[in-house]
Amino acid sequence: MQTEVTGWAEEDRFFGPVPEQRRLALRLYESVADLPLVCPHGHVDPRMFADAEYSFGTPAQLLLVPDHYVFRMLYSQGIPLEGLGIPRIDGGSVEQDHRRIWQTFAEHFHLFRGTPTGLWLTEELHGVLGVSKRLNGGSAQDIYDEIAERLALPEFSPRQLYERFNIEVLCTTDSAVDSLNAHRALQASGWSGRVLPTFRPDTLVNILADGWSGQVDRLADMTGVDVSRFTGFVQALETRRADFKAFGATATDHAVIEPYTRKLSPLDVEAVYQRALKGQASHDDARAFTGHMLMEFARMSVEDGLVMQLHAGAYRDHNPVVSKRFGPDKGADIPVLCEFTRNLQPLLAQYGNDSRLRLVLFTLDESAYSRELAPLAGHYPALRLGPPWWFHDSLNGMRRYFDRVMETAGLYNTAGFNDDTRAFLSIPARHAMWRRVSADWVGGLVLRRIVDLDDAQEMMYDLACGLARRVYRLDDL
Amino acid sequence: MQTEVTGWAEEDRFFGPVPEQRRLALRLYESVADLPLVCPHGHVDPRMFADAEYSFGTPAQLLLVPDHYVFRMLYSQGIPLEGLGIPRIDGGSVEQDHRRIWQTFAEHFHLFRGTPTGLWLTEELHGVLGVSKRLNGGSAQDIYDEIAERLALPEFSPRQLYERFNIEVLCTTDSAVDSLNAHRALQASGWSGRVLPTFRPDTLVNILADGWSGQVDRLADMTGVDVSRFTGFVQALETRRADFKAFGATATDHAVIEPYTRKLSPLDVEAVYQRALKGQASHDDARAFTGHMLMEFARMSVEDGLVMQLHAGAYRDHNPVVSKRFGPDKGADIPVLCEFTRNLQPLLAQYGNDSRLRLVLFTLDESAYSRELAPLAGHYPALRLGPPWWFHDSLNGMRRYFDRVMETAGLYNTAGFNDDTRAFLSIPARHAMWRRVSADWVGGLVLRRIVDLDDAQEMMYDLACGLARRVYRLDDL
Amino acid sequence: MQTEVTGWAEEDRFFGPVPEQRRLALRLYESVADLPLVCPHGHVDPRMFADAEYSFGTPAQLLLVPDHYVFRMLYSQGIPLEGLGIPRIDGGSVEQDHRRIWQTFAEHFHLFRGTPTGLWLTEELHGVLGVSKRLNGGSAQDIYDEIAERLALPEFSPRQLYERFNIEVLCTTDSAVDSLNAHRALQASGWSGRVLPTFRPDTLVNILADGWSGQVDRLADMTGVDVSRFTGFVQALETRRADFKAFGATATDHAVIEPYTRKLSPLDVEAVYQRALKGQASHDDARAFTGHMLMEFARMSVEDGLVMQLHAGAYRDHNPVVSKRFGPDKGADIPVLCEFTRNLQPLLAQYGNDSRLRLVLFTLDESAYSRELAPLAGHYPALRLGPPWWFHDSLNGMRRYFDRVMETAGLYNTAGFNDDTRAFLSIPARHAMWRRVSADWVGGLVLRRIVDLDDAQEMMYDLACGLARRVYRLDDL
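Chains as they are written, first to last, in the working numbering: chain A, 4 to 480; chain B, 4 to 480; chain C, 4 to 480.
Some hints could be false.
Since the list gives no way to pick one copy over another, a pair counts as held whenever it fits inside one copy or between any two copies.
[Stated by the list, open to error] List of simulated lysine to any residue pairs, SDA-like, C-alpha gap at most 25 Å:
#1 K327 - T242
#2 K266 - Y318
#3 K281 - Q353
#4 K266 - S285
#5 K266 - H286
#6 K327 - E261
#7 K248 - G193
#8 K248 - A291
#9 K333 - Q277
#10 K327 - A352
#11 K266 - R328
#12 K266 - S182
#13 K281 - G469
#14 K333 - R345
#15 K136 - A223
#16 K136 - A155
#17 K266 - L154
#18 K327 - Q353
#19 K327 - R452
#20 K333 - V228
Hints were generated in silico from the structure; no laboratory data involved.
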């Protein structure tokens, strides 16, 4: 079967098949394609930029080993993680031959057909790394060589790629007890790139997690604050937020399985905290503590202006076989149904009318888009909706988001795009997909006579970078 | 960026961009565009028509102050409700200068881009009121003058607009203890328009609501029935239903947060009722009482033939800051997940096989469309699905409804369209959107060879007015 | 209104209206249209093929009386099931005149406009039975005659139709205590068709169901195993699985309202089993027992290689008026919200990493597609997602499935198509719809430059039959 589809080009990628809409989408896309990339949330390692000599390692280390989006798919088809070189917690042996790992990956590349991961990988290979052949079992080793060669070139250093990608700002995600040494070194280096930390205190909030008390001890050490009582714990967190702000942070990030919020009385929260310190906290304590801490963090955001991001709905480490052997973040986090209306009511009732708070919500439960999130965002001044997250950061995920969110929330109660990635090389492809799908959506509104072209042009700019800058307060700096 | 999109006209509004489908949709739409508007459910104030001298007030009073769809969006972007002239419960000062209110509204009109509210407002301004300029900060005062001028003309009285809009029947929503004086005056006036009341007893059902006992007293006064026991309370409600029927009512309306139904024993319901009268009812009592009253209302509908509407799933007054200051219905009602299959089982088991009952269900939880509502409606003779409601009364909301409901429920188990609005001037735009999106959907079925044009034509007629007339028993009169 | 739509033909049925996409979809469809039908799950009666003289009965008996998809729609519009000849449990009188039943059906055929049932019926009438007129009240009796005439011809015997339909394999669904006599006779007959049983033990799992102990007795009789203790019960089930395998079965099937799984201790499960035998089991017992049995069945599948199908989320016999009078499976099974992530965690933690287990999941709750099912299938090696089931086995149901599942799960973690029907004559129409909608989806990926034509061609083959063969282990035989 030969390709006889004519009149189509890569430039039309992701656009709908109606010629008139395609042309309009392309014009809208082109009007924003060269705008800088604003990256207010993600998981790129700041050491990449702190260390001018940073190396990405082998092609397998660059594209497969650190990316659970990629290896989960291979695992789902029966390929052991050991065979992909994923390190075991116990130091047990895993495949060390990166050419063999790469070969396995290449032979199964068809598994990614139609997936966003497949599209990003393709763009990383061809668009960023300049590979010309199509990846499969036959071409695997040649492509491996080609990538290795490229990576050795100075223009493939993270800093040079940052420039080439036209990134305006890149926010990392950092533990609340991170030393921020990478950010310190980065700022000291004199490099002009703008890489900012984000304050993520999750390991200090989940009082049942292994190592919680160690985290609290570390918090005390870093801040010099006595955390033997809850008020000290809170004060120490505030101290750390100030440290993050000093490095340019504009946001915090919080991940919870449910966005439960409820203010405890000072006595009650102290009691829970003391039980936690003694290792005697119950599951109810943990839930209550998390719910209370979200209230505290909202209060702090009102006071210090850090944008509060809330990522809700992931059941972490669903597969104990994998997490016991390989640790967390190995592709076995699975979403659950997520209730926002009742869970967030206490927080929103107390802080949601205050524009000093900026709360950006993310969901893995798309059924909440039109039912809960868009109506909430269309009312509360403090609230904005984050873009499609994780599994939904895809062509269809974006289309569903535009379809279900925008009519009720309004575009201006959304937060633009986050690439949310640890795969640095995938950043341009992710923003390009968002901008293309945005253009397809806005173009459709024009053709349906819902907005005119002047409106459309402003909406495109805001989708591409305006909203992300403003919502994350990245234009104040 | 200039508009170079050609071959498009307002006549194509909302239709998909494929030329063939667009042409077909237009033909289907035109075949029903001039049919009368059947309005079986809404919130227009009947005094508008009762009083031949009724005035809409200023442009701000007409289009913004009474419409929580509009001011919620401005509020969500940090504009205080006081600045929009929304009256405070405590009589505290709010903006009185309607030109300033209008200016604020106009300067933020871009917030409505792509929203149904924006589309209705645009059609009210340009289609109904004849405004030619586009609304923004610069044109605000000129447009204010233009509207004020129009509203002073006799042809912009509610009665004249009713005729111009080609309304066949307009049902209002009225408290079960409403005097019906407006409807009485209206019928006495000899005006030919058909405006009918709808019986809504919610304030008598929620035993925990402030003022419940006052409502019960009023019910006793109006009916002369002794309501000291539950049987009397029920009899008084039946009396009032008969009063509504005497004014032409064909339906009742019930709003609940969950559609829980369960028959209590006579002893149990009496006990709950007595606790409620003493102000000692618990939350469990309130839930049980609501569940029982839905059973009673279904029984009454079997007996008196009033169509029973059930609007489920809104968490009312989510924002206490707003409701304490401004009262209910201020844009802070937020949907919650809503379970129908189990909740409605007792009611449907008892009355759902009886075609004398006509139960029309509405949801704010679209995930229930294909999962629960369409399968229920595709089985129970008493059940029909209402059209997309509230947040979902939009282009995409309608598309999702057609997509998820029709294959399983079948068109003939749905209830046509409700405009459900308090914004009288938006009625033509709302029906036009429904008819256009219907035409787009039916046209798509023709092009996919699922129905032929004869079927399509009948489906269009039923969507435009046939179903609403028949389901609401408005063709019996 | 005349049909003026040009350039369209039946060959384009179900394809989108963009000419370029339509042409591509047609080419993709044609490349698989003649591939054999692989039918790994359904409810066709095996006696149809066992008995060379099998008769379909009257047109009403063929198309309406056994098919709850059809008569539920008539019932929903107030037509009594008695009038459609549905047999009453109490033997009470129902309509016996099949011509009158057919007439009623024909007069209400418009109720099926736009429904999948309507499309299948149309294809059965015109495509399979060669009826030329359109079914309505006027043509009803002529068409009745025409069908009756056809059914008397030898080429309309089930065996001949099996050949004509080009079926490669047809799996039936059979009680775990079925004698398998039909399958025995079928295999003894020497007929070349491949009709295989599927092991369905539901009546032995639901300990609260009427007749459970009778089923257990029957299990003991058939196997000669002492089932007085739970270990014996399990052993007897294993024996029966071996019997099914001997007749070629490759799969089991399990239907539950919630996919709750939890391993009980041997003591606990024995205690529950003993209470059940004494008729003293509670609802909690029943839930625990079902949850434990799913664990047992997964363990058995690991051992014997039978593919485990799990159909979750139907509230059975929602309408007691209908089920008391007419029995189960009368169109009153209604879906409920269904939780998979937490419910399946114990089973997947224990068996989900083992590729010997093949678990195929089906849902009636589409909100779980992107939230839970696709992420689970995109991780666990044992898991595959079944195709859109029951109410969602439709044009739009398939489109939603492709839209929400494929990006996250990947095509190769899905299970191809099931027709899942008891209406034998509808099988070709159901597969054709799946293949057409698949072609439309894959064609869209090509036009959006997501996959190329070579990929597309392989994907089409896998969707049409490759996946069903491999996932159900039907290619090993």
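Going down the list of hints, with the structure as the test:
In this assembly of identical chains, the alpha carbons of K327 and T242 never lie at most 25 Å apart, being 34 Å within a copy and 36 Å across copies at closest. For the homomeric pair K266 and Y318, the shortest alpha-carbon distances inside one copy (24 Å) and between copies (21 Å) are both at most 25 Å. With identical chains, the CA atoms of K281 and Q353 are never at most 25 Å apart, being 31 Å at best within one copy and 33 Å at best between copies. Taking identical chains as interchangeable, the C-alpha atoms of K266 and S285 lie at most 25 Å apart whether they share a chain (18 Å) or sit on different chains (24 Å).
Proximity of K266 and H286 under a CA criterion of 25 Å is satisfied in both settings, with 17 Å inside one chain copy and 22 Å between copies. For the identical chains of this complex, K327 and E261 are intra-copy neighbours only, at 24 Å inside a copy versus 28 Å across copies, given an alpha-carbon limit of 25 Å. For the identical chains of this complex, K248 and G193 are intra-copy neighbours only, at 19 Å inside a copy versus 71 Å across copies, given an alpha-carbon limit of 25 Å. Neither within a single protomer nor between protomers do K248 and A291 lie at most 25 Å apart by alpha-carbon distance, with minima of 28 Å and 52 Å respectively.
Taking CA atoms no more than 25 Å apart as the test, K333 paired with Q277 passes in neither setting, with 33 Å inside one copy and 42 Å between copies. For a Cα distance limit of 25 Å, the shortest separation of K327 from A352 across copies, 11 Å, qualifies, whereas the shortest one inside one copy, 41 Å, does not. Within a single copy, K266 and R328 get their C-alpha atoms only as close as 38 Å, which misses the 25 Å cut-off; across copies the closest is 23 Å, which meets it. For the homomeric pair K266 and S182, neither the shortest alpha-carbon distance inside one copy (30 Å) nor that between copies (44 Å) is at most 25 Å.
Taking the shortest alpha-carbon separations for K281 and G469, neither the intra-copy value of 48 Å nor the inter-copy value of 58 Å comes in at or below 25 Å. In this assembly of identical chains, the alpha carbons of K333 and R345 lie at most 25 Å apart only when taken from different copies (18 Å versus 31 Å within one copy). In this homomeric assembly, K136 and A223 never come within 25 Å of each other (Cα to Cα): the closest approach is 54 Å inside a single copy and 63 Å across copies. Within a single copy, K136 and A155 get their C-alpha atoms as close as 20 Å, which meets the 25 Å cut-off; across copies the closest is 61 Å, which misses it.
Taking the closest pair of Cα atoms, K266 and L154 never come within 25 Å of each other, the shortest separation being 51 Å inside a single copy and 51 Å across copies. For the homomeric pair K327 and Q353, the shortest alpha-carbon distance between copies (13 Å) is at most 25 Å, but the shortest distance inside one copy (40 Å) is not. In this assembly of identical chains, K327 and R452 lie within 25 Å of each other by CA distance neither inside one copy nor across copies; the values are 55 Å within and 40 Å between. Taking identical chains as interchangeable, the C-alpha atoms of K333 and V228 are never at most 25 Å apart, the minima being 35 Å within one chain and 45 Å between chains.
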